[in-house]
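**Student:** First to last, the protein sequences are chains F and B.
For the first sequence, our numbering assigns the number 41 to the initial residue and increments by one for each residue that follows.
For the second sequence, our numbering assigns the number 28 to the initial residue and increments by one for each residue that follows.
To be clear, the hints were calculated from the coordinates, so they are not data collected in a lab.
These figures come from a predicted structure and were not determined experimentally.
We treat Cβ as the ideally placed atom computed from N, Cα and C, and that holds for glycine.
Accuracy of the hints is not assured; some may be wrong.
[Said to hold, decoys possible] BS3-like mimics (lysine-lysine), calculated; alpha carbons at most 25 Å apart, straight line:
| # | chain 1 | residue 1 | chain 2 | residue 2 |
| --- | --- | --- | --- | --- |
| 1 | B | LYS206 | F | LYS154 |
| 2 | B | LYS93 | B | LYS117 |
| 3 | B | LYS281 | B | LYS58 |
| 4 | B | LYS58 | B | LYS100 |
| 5 | B | LYS100 | F | LYS330 |
| 6 | F | LYS415 | F | LYS397 |
[To be verified] So the derived label-pair ranges between C-beta atoms look like this:
| # | chain 1 | residue 1 | chain 2 | residue 2 | range |
| --- | --- | --- | --- | --- | --- |
| 7 | F | ALA179 | B | ILE186 | 37 to 43 Å |
| 8 | F | ILE350 | B | GLU143 | 24 to 30 Å |
| 9 | F | ALA191 | B | THR275 | 31 to 37 Å |
| 10 | F | THR319 | B | GLN167 | 36 to 42 Å |
| 11 | F | GLU184 | B | GLU244 | 46 to 52 Å |
| 12 | B | ARG190 | F | HIS52 | 34 to 40 Å |
| 13 | B | ARG191 | F | GLU303 | 39 to 45 Å |
| 14 | F | ALA179 | B | ASN42 | 23 to 29 Å |
| 15 | F | VAL91 | B | VAL229 | 30 to 36 Å |
| 16 | F | MET156 | B | ARG190 | 22 to 28 Å |
| 17 | B | GLU244 | F | THR319 | 52 to 58 Å |
| 18 | F | ALA191 | B | GLU244 | 33 to 39 Å |
| 19 | B | GLY147 | F | THR210 | 36 to 42 Å |
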Amino acid sequence: MGTNVKDKEQGHFNAVPDNRGHFGPYGGRFVAETLMTPLAELEAAYEEYKVDPAFQAEFYNDLAHYVGRPSPLYFAERLTELWGGARIFLKREDLNHTGAHKINNTIGQALLAKRMGKTRIIAETGAGQHGVASATIAARLGLECVVYMGAEDIQRQSPNVYRMRLLGATVVPVTSGSRTLKDALNEALRDWVTNVDDTFYIIGTVAGPHPYPQIVRDFQTVIGKEAREQMLEQYNTLPDALVACVGGGSNAIGLFHPFLGDEGVAIYGVEAGGHGVDTGMHSAPLSAGKPGVLHGNRTYLMESEAGQIIETHSISAGLDYPGVGPEHAWLKDEGRVQYVSVTDDEALAAFHLTTRKEGIIPALETSHAMAFAEKLAPTMAKEQSIIINLSGRGDKDINTIARIEGIEL
Amino acid sequence: MSRIKTRFDALKVKNEKALISYVTAGDPHPKHTVSIMHALVEAGTDLIEVGVPFSDPMADGPVIQKACERALKYDTSLADILQMVKDFRKNDQDTPIILMGYQNPIEIYGVERFAEDAKGLVDGVITVDLPPEECAEINQFYREVDIDSIFLMAPTTDISRIRRISEMASGFLYYVSFKGITGANSLDIGSVSSKLSEIRSVTELPLAVGFGIKDAETAAAVAAVADAVVVGSAIVSLIAANQEDMPTALKEVKSLLQGIKSALDNAGSI
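One chain only, chain B, in its complex shape (with noise of 0.2 Å):
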């Protein structure tokens, strides 16, 4: 059983949410990032996204995209990734990794020897710009090494579109919050609601929300409704703010992540 499940298996147990933080691997240098993941589970999370920087990231925001480019600069690839992911199991044999970027890196690394050298160190992929549509083969090679294959549903994806994309997933499911791209502003709870609603009507996965989510206030408010809350951009813009002082940057990300955490052990247990 992967440790996706194991995780959400176990908070729904204790009725808890999930907090799931994304960092960019490579941000603000390779060095850093292993440390950085080990102070995101202090910090109370439960699931780690780990973002694999690409030149052309669209779906992202200038946080985001920023991070990218300051991972680049060190040629962080994706072979460097699995390397940061297997030290970091060295520590911490239970918190559930998922990479989160785009195909290509993945397709030129070779999607077959990327699952085989990712099997049993990452646990779900998330790639943005690979709807269900175009990944039938794709996902194969990473269900044969228990890789959960996550996807993204929209507030443009229709109720058919919901049932054909949980057929293919599992892990959980990422609600993106609005039309939009990372780190922008304008997640509306009501229309979170009810489209968890209609996303529920077809699927037992846990389902994550992300896009938006900055702060205690709005993860709270969106705890109420969902299993999981996504924090990205808000985790990056501490990094980049205290690039050159890396114990201050985690001091703050820890900060913002209890605070969260706090906040959804609360909205867990309304």
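Only chain F is shown next, with the shape it has when bound in the complex (with noise of 0.2 Å):
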């Protein structure tokens, strides 16, 4: 592959968003007036210390020593014979502190928090990984910890509630709305715009106002830039497809953004088919809703035609959300990631599958992505491979899969 064309071609995925927040239309700065000052303020540090080779520092020492990266890249042997065609290998987030790729975006928000003097943080969490990742975090660096969780969540996860008692943050339970991730989003701006003095919000997946999306792809990039150099170390080649699951979207951001300029790998954002996308019960915006604008940026939306936000339905709590991050929004449109979206049953056969062939219990957000990837190993040579997001575990979603399956814990 020529180096010049992939630098060129990287470039042009560099180049946004551009200094608004825009990912072609999509992206922006949607808020109240009362969130704009503070969201540039946030922009201006970032932009300082993106740069900072100090902050650089202590965000690569956190991830290696804190975190435990590089996380590996595992060649599943098992699951490559089974499916029987490209090589399946996985990328280890779940093997991260606190169980998912959360964790280097909380590490890296809660660092700029410091150094803008905020001394509270906020949250808003879906699975509770992100709540987790936050509560943990600023367990570490001595900072309150706020975590807004719908209602519906705080029952399916409640694991992860617990957790973040445990490490001392308050979980608000949210029960307007939906009573999931989006109303906790809502909530958690709320809270934001009555003390913006003191705090600061950390925003869990690729959405919201600018700078956020670029913030959180940003810190998440390191799971894509290390698969890269893995398999390139390892294997001397690129792989030939990457898979990952899509609700907001920063695992899949994480790992595609470097990805993007390789003309020759194949990539695919997974979305939550919940009970089918043509059942109108499933959490996929890409795959069938339309842009509108909604938590600060504009992106696909799962709406009415009157343009009220519909609610949602997966059966993981991660991916249960009706927009996604606007980078995604545009990589659609540009046609270089191609969405596509499996089912509950078929995430939770992965789920089983994976569990029983390797070993890993996926979170079932990451159950997602096995599943197509399960439909999408088979198409290729043995030569070729795909690189799979393994984005969490799944021990969070015990409790679910046993009601599930009839089963009293």
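Build the complex: two chains, separate frames, hints provided.
**Tutor:** This is the structure in structure tokens:
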């Protein structure tokens, strides 16, 4: 592959967002006036620290010694054999401290918060992984932490709720709207607008107003940078395909971004198809939604004809969100990433398969990526390879799985 | 000339302050909205803000969130609201009407189509999540049909943003009295007063103050420094408390607003 061509191509993808936070027609900063100045301050701080060697050194030191990076790139031999096509590699973000990719971003943002002199952090959470990661870093840095979580999600992710409380965070149940992640985000924004002087809002995904989609992406690209290096070092080649699940899309953009310029790498984002995208009971805005404005950015949304956000459904709390990061919306329109969906049932089957064949219990979110890889691998040659982002571990989901299967724990 | 400017000019001549009353369209049921609007005017309202319900009202407190939920139970849409305004205009050609809400329902309706359909009926639009940075094109459509773009300013808005916003705004400016959501209780008259002086140093537009004005006392204090006060959650709370009994709801809303209006008249004549 010609390096010059690749560099040029990657440059195209590195050029977004523009200085107003736009990814083509998507992104931007659609918030109430009170937040405009704080967002400008955050942007200025980020621009300063992202090129500050001391900040970068502290960030990478924490990733190495607190998170345990680099995470392994693991060759899944048994799944490869079973699926009978491309070689399967798993990027083991589940082995990170706290059990998912979320910690990469929370460390980055918490270090920013500290440098900006903020003493209180707030976060929204769906599956609870981002809440746990935020509570963890707050405990370590001695910051107050308040996590907003939909009342519905509190039910289905109770182990993570208890973890957050153990870590000293206050978990606030959100009972408005659909009582899930989107409502938690609304409530976190309401908190931020009220306590903006001392509070830093750690957004957990590549959505929200500019500069969040960019900040979260930049902190998460450590996943893709490592995977690219590991593949080249260990196998002297680039992968032929990448697969990651997409809710808001932070683990996906983290893996995808460093490969966007690699023309030969096919990239697949897997949305939550719920009961099926033709049933209306799903969380797949890129597959079956249309553009609109929510939570500070313009992106694909699940919405009614009248522009109201509609209730979504997914077996996985972390994917149960009606929007998606604006960069994914742009990458879809650009045609660089293909967005597909798998159903609850397919994800559940892949959950069991991965657990039994590889001895790795994947998160239900991650299981969506596994389920799509199961379809993709047999269509590819044995010499080819797929990297799947094993974005989180499934311990948090065992109550949900047991309940679905009628087992009392 | 828009009804908004006409109304503010007339009040200025009389040395009076404007009472702006807010109601969420479709709450508690779409059939009540037009009669509530007329009741607001009878009680002394000078301009009406009609809330366009949204599923995710992220700048609003629980009172208006619940009003949105009630209205959306009946699928109150932007198209329905334009029809309500049309019905209201049969009996009231003069009271300025400002639609207040979030961008998505307008975006899905189509901004250009909305501006066309709202022409002559609606006088101003406040889109809470549409700062000047995102609205250059959108504003153009409103300007073409003489709908004022009314912007919010906040305690966090610095002088350079105040200048920028003033340049894009028309009708009046809406100052959010504290950092927070609608219906909260944190209004500090000293800080409102000093911020309004800063805003007045760069604009001639009338200044309205909203968020946290619940009664005659706070209204009078704010009116001493502002051109208009906005009452929202206090009205919506009374409607919510009496949703099964509209005559009582209207009676209580009128009594609240009459008290506020007379406090404003006293403040205006000081």
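**Student:** Hints first: check each against the structure and report whether it holds.
**Tutor:** Hints and how they fare:
no. : hint                             : in the structure
1   : B:LYS206 to F:LYS154             : 22 Å, holds
2   : B:LYS93 to B:LYS117              : 29 Å, violated
3   : B:LYS281 to B:LYS58              : 19 Å, holds
4   : B:LYS58 to B:LYS100              : 13 Å, holds
5   : B:LYS100 to F:LYS330             : 23 Å, holds
6   : F:LYS415 to F:LYS397             : 16 Å, holds
7   : F:ALA179 to B:ILE186: 37 to 43 Å : 40 Å, holds
8   : F:ILE350 to B:GLU143: 24 to 30 Å : 27 Å, holds
9   : F:ALA191 to B:THR275: 31 to 37 Å : 33 Å, holds
10  : F:THR319 to B:GLN167: 36 to 42 Å : 40 Å, holds
11  : F:GLU184 to B:GLU244: 46 to 52 Å : 34 Å, violated
12  : B:ARG190 to F:HIS52: 34 to 40 Å  : 36 Å, holds
13  : B:ARG191 to F:GLU303: 39 to 45 Å : 42 Å, holds
14  : F:ALA179 to B:ASN42: 23 to 29 Å  : 59 Å, violated
15  : F:VAL91 to B:VAL229: 30 to 36 Å  : 35 Å, holds
16  : F:MET156 to B:ARG190: 22 to 28 Å : 26 Å, holds
17  : B:GLU244 to F:THR319: 52 to 58 Å : 54 Å, holds
18  : F:ALA191 to B:GLU244: 33 to 39 Å : 37 Å, holds
19  : B:GLY147 to F:THR210: 36 to 42 Å : 51 Å, violated
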